[in-house]
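Trainee: Take a look at the letters that make up each chain.
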Amino acid sequence: MLVDRLQFAFTIMFHYLFPIGTMGLAPFVAAYTWKAARRRDEESARIAAFWTKIFAINFAAGVVTGIPMEFQFGTNWAAFSRNTGAVVGQPLAMEGMFAFFLESVFLGALLYRRRGLPSTFVAWAGVMVCAGAWLSGFFIVATNAWMQHPVGYRIAADGTILLENIWRVLFSPFSYWQFAHALSGALLAGGFIVAGVGAYYLLSRRDEAIGRRLVRAGTIVAFAFALIAVFPTGDRNGREVTQYQPVKLAAEEGLFTTEREAPLAIIGMPDVARKRLIDPIFVPDFLSFLSYGNYKANVNGLDAYARELWPPVELTYYAYHIMVGLGTIFAAAATIAVILLAFGRLWSARWMLWILMLLMPFPFIANEAGWVATEVGRQPWIVYGLMKTAAGGSPTVSNGETIFTLIGFAGMYFLLGFLYLYLTLREIGLGPSRERPA
Amino acid sequence: MSLAAFLTIAFMFAMYVMLDGYDLGVATVGALIARGERDRSAAMASIGPFWNGNEVWLIAAAAALFALFPAAYAAAFSGFYLPFIIVLWLLMLRGIALELREHFPSEVWHQFWDAAFAASSALLIFVFGIALGNLLRGVPLDAAGYFAGTFAFLLNPYAVLVGVFALATLAQHGAAFAAMRLDGDLGLRAARMLRPLWWVVLALYLAVTAATFAVHGGLARWLLAMPLLSLAALAGVWWAARSQRAKGAFAMSLAFVATLVTAAAGTLFPYLLPAFPAGRGGISIFSTAPSPVALTCALTVTLGGIVIVGIYTPIVWRRMGGKLRAE
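As given, the protein sequences belong to chains A and B, one line each in that order.
Every number in our numbering is 10 more than the matching position in the first sequence, counting from 1.
Every number in our numbering is 246 more than the matching position in the second sequence, counting from 1.
With the rest of the complex left out, here is chain B (with noise of 0.2 Å):
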């Protein structure tokens, strides 16, 4: 039973990262294939119907966290507390740029709001990828459970390699969604940009799991399949690409992002929060199990939760679908 609660919240955050991912992807990669004005517009309009929504299901996997594992979640939110509180400040730099922007009357807001977007989309990818970092190497822990290290302790290489990691990866997974969603000139630099951005996705995976190989021994054995199905979804993306199959690109976007997320969740497993050195135990799934109808409470709501939203959601979606244009 803990294992179901395990997976659905490492189902919702996957949700989180495959589909924020993307809109905080073309906020990054936005800065820098948009020329002026009209295609800044339109990179945020390609995201404008999508990105609250996409939002929830952080929101939502944080309040299953809390319900199935508050130990956890207190441990983390209040240790990580001034990392926690930077994000909330990016999230909602984030989301005032977005949705005010186009209320603004004057050229100059807008430039303003363009910069501050691309700005707080990039750092917190790289922040989550840092959190990310963090949580697969482990952290120093009191016996109360409680975080016990320091900021500085935080940005260490390897949490800083899976951060600039995160930044590429999503910026990709942002131009493929970009050369899918807008027309013209804009689509096309969005999908030219995809070709040297793959490479750096390569080159920093490769280093990436060979790091976290490194740091993280007695990995459990399926977990050494992973890479093979990240590089199958990556060659994926380079050969949609290649034959301009935008939608194509953008599923193997998908898939990638899909498979890093479960290697990371297999490596957590079964902890919550590993303490660092490693071995030295941490908060897992077991020392803080859920009550039985807690668990099934809350397994209810969000597995209901995501049938309900997995029927309208595309429903809705496909109304909006389709080519955008730079007006």
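Extracted from the complex, chain A is given alone in its bound form (with noise of 0.2 Å):
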């Protein structure tokens, strides 16, 4: 059982790291495309070329490392499969037929375009595929939201779970707002990744042209971003946990005892034993502010719970804090580079270029802690309160074979990270005045 967890947390953050970049950066290839094939502009055609490529790298990791996820739910999670396919099966299935297809055909047509293609289809094509990155994550996001919260089933007689209403599970506020957070936090990696790269050809002081355009459009998509994960975005999903996940925020926070006035940990360690946090910092009553918006409300901590009902704590709050914290970096940080965009500055505040540059990998990283603390924080559950996750594998697959296909993945997918790594840096250091305008 735990390796069949390890595989899944394994593979599905590896995979998840694709996806972040094909919703991050489809709105911008979507974009330049556009311009190119409307205005019949040379320098937009090149950046489109450019980003189109880097879309496509992106989107061949993702598409491969994403099969296996949609095969291990009945490989490695038999019971799970058997007893919530009629509803978990329709998100997928929709995923398939409205999504997948989208998008990979108008990508093919977009990379293997000829000469002569009518401009509106090509400017067309590129909003279908970023339809279709977006529609991908909503279908999977909600399939994830009704495990955290299930609604608009029903339970046969011999325990399996029925469909009762696929507009409930695919509309209820859980889903949305978890979708809304997800997909802000891709955008604003998707901005910080094409404010990093105009950045770097700034600091060379090569392509400066195309490097100005990259720096102006990333940082605004960043900064809006950055602020909308915050507010509505997160704030709402952080209320939805708080409803109907209370344990699971209590982790989270790392409170341990039930308060009013519960004030908000900004760092510290959580010592489970001793049921405390070790050398924190409060900020006073924050929390019950955060959770119901009175800073006079009482916040269950985990001591309200029975303990086999815990997460693991420790993960899950410093997933928590880490998405938290880089959150609010990012927040600055935008902030800050939008400022000095406004006043014509920030070409020669060569430091806020550095810091733009050096930031790229961090939005990846809040992204993975963000989705670290939601699943995680979701156990011992598989679907919230319905199913325990230690009743969902597979009966005929033992350990031995599931450690096999573990160091098997682990394989395949350090070589396919280092050919991405390579190719997509690769393709960075050729830059996009090198690009061929179609």
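None of these hints come from the bench; they were simulated from the model.
Errors might be hidden in some of the hints.
Stated by the list, open to error - Derived DEER-like restraints, expressed as beta-carbon distance ranges: (1) I438(A) x T546(B): 41 to 47 Å; (2) P183(A) x P538(B): 24 to 30 Å; (3) N402(B) x L368(A): 56 to 62 Å; (4) I375(A) x R441(B): 53 to 59 Å; (5) I438(A) x W355(B): 14 to 20 Å; (6) I165(A) x W355(B): 52 to 58 Å.
Quick caveat, the model's predicted, so the values are computed rather than measured.
Each residue gets a CB set at the ideal place from its N, CA and C atoms; glycine is no exception.
Got two chains here, separate frames each, mind docking them using the hints?
Mentor: See below:
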């Protein structure tokens, strides 16, 4: 069981690196492709070709690492699949039919396009790729949201979970706030990638005209979504968790004892054995305010719940704090960059360009950390309140088999990760000015 | 209603075999007909814009199976744990080879990816064929409906025969596609390759059909007509190839593959995972019938999706179509 969880955690975390890139970069690909096709602007065409290439490498890595995710439900989580397939299978089928086809067919058209294709067609192909990437994200997050907060189902006589209302499954507030938050996380990552690559060109004093365009567009997008990730999406997502998964909230915040006027721990290390935070820094009453909009509200701590219903506290706590901490840094950095941009000082502020360039990997860490908090915080449940993770495995698959496949995935993904970095860095090194506009 | 679910899933798998079948076939046959770097690059480019969309049929079909017959999905995927993971790795390797090859700056890398591409594609066809063979023959199932056999059991002579037949059929399918899509010498060589392949396919088809009747008593009567349709389509491939109608040959090859999948689905019906030895039951569409709500939802999604995809895909593909030249 532990090995199955490790394998799923490893394959999903590795996979999710790429959807962050595709969901985040897709609007840039669409926008530059649109500009290039509609305004016949050669510089935009170079930028579009450049980002389409990087997007394509990202997309390929996302596709090949995505297939194992759907298969693993069946291979390693047979009891879970059997029990919940009538619900969980639906958004997955929708993803295939409504998102994957759209994304792959139109990306194929963009990548292998020929001269003489009508510009309207090319412009819309970019938009379709973006729509496909986002829709795919929506269906997957809806699936996950159902596992976090099951709705729209009923339980049959034999204990299997049956679908009752698909609209409630897809469009529960839990689902759309979680999706909005995940998408803003991806878009802020996309913004920082574009800005970071542009900053790299400016710092190396090459491709400067294009570099400025990238920094400008990237910084504005990063700024907008760094704020949206906090409010409203992060806030509303948090309130859904407060309402339906209070024990996860307590673990994320490191709140061991139930309190009125509960403080918010900015830092500190949870000591689960002694049920306290080590070396904490608190903001008084603030957790009560964030959770319930009232400084005096009562917030349940971990002590309000049976010990066997606690998620692994340390991992949930650290992952959540890493996400929030990085999110705060992103908001601050993007705000400063946008102010410099507005006053025309950004191009001479090389220190800010350095920051933008060095920030590039961190949105990936923040996105991953957010998901770790979400998923580890869901434990011990695989479907919250309905089915325990321990009951979800495959009765016929032994640990030995899973260790073998886990080693195989590790090898495969090491190779893929290496190739991805090599190819992406190579494309960035070659740069947009080398592109032949199609 | 369960019948409608079965037909929908069978249709999606058929689309997968017909469409991704030519990608895999081009990869396999490309290794035989390509002379040098440029040819292999052109063979890959001929399927480049299409393969990913084609592969989605597999993902979507698996998801539809998951939604409609979760018990069968769970039993099959966990039962055949190792073979499924191997399929995954091969699918991944093929995708990486296809998508990343052109980004590498050196010929050494290109040769490596070409070999990986051909080998993973050919192996995929073979493994899919073995899986289909076992599906038709039935597998040992325990009381709870989980696979109770061994890896070695899956490598029985019948399944291996189906695997070899699948390899030949999709190689022919790929050759027909390449002959239609590729210009110049390479296209001609693909067309020439069709002839010897055709004889191999014919011989294997007769062997597999005879073997299927042998391992599988009690086939539905309408299935007895399927060999006639298959042979007619196969004759069509021969006729079109002889009169050098590349599009006709590919269309006939599509029809041939379609009749094969139909026959396989008909042989399987009403089981999703029949037990071995035959007559011991298995997981059928009635033993794990989906609830009406789930069924309506999944059927609306898949049928609606099929209609939408059926509208835009041909429009896009028409813009990508036509002959390709090796650059």
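Trainee: Taking the hints in turn, state whether each one holds.
Mentor: Consistency of the hints with the structure:
Separation of I438(A) from T546(B) is about 44 Å and conforms to the stated range, judged on CB atoms against 41 to 47 Å. About 27 Å separates the C-beta atoms of P183(A) and P538(B), a value consistent with the hinted range of 24 to 30 Å. With their beta carbons about 58 Å apart, N402(B) and L368(A) fall inside the hinted range of 56 to 62 Å. The hint said 53 to 59 Å for the Cβ distance between I375(A) and R441(B), and at roughly 58 Å that hint holds.
At about 19 Å, the beta-carbon gap between I438(A) and W355(B) stays in the expected band of 14 to 20 Å. Separated by about 54 Å at the C-beta atoms, I165(A) and W355(B) satisfy the suggested range of 52 to 58 Å.
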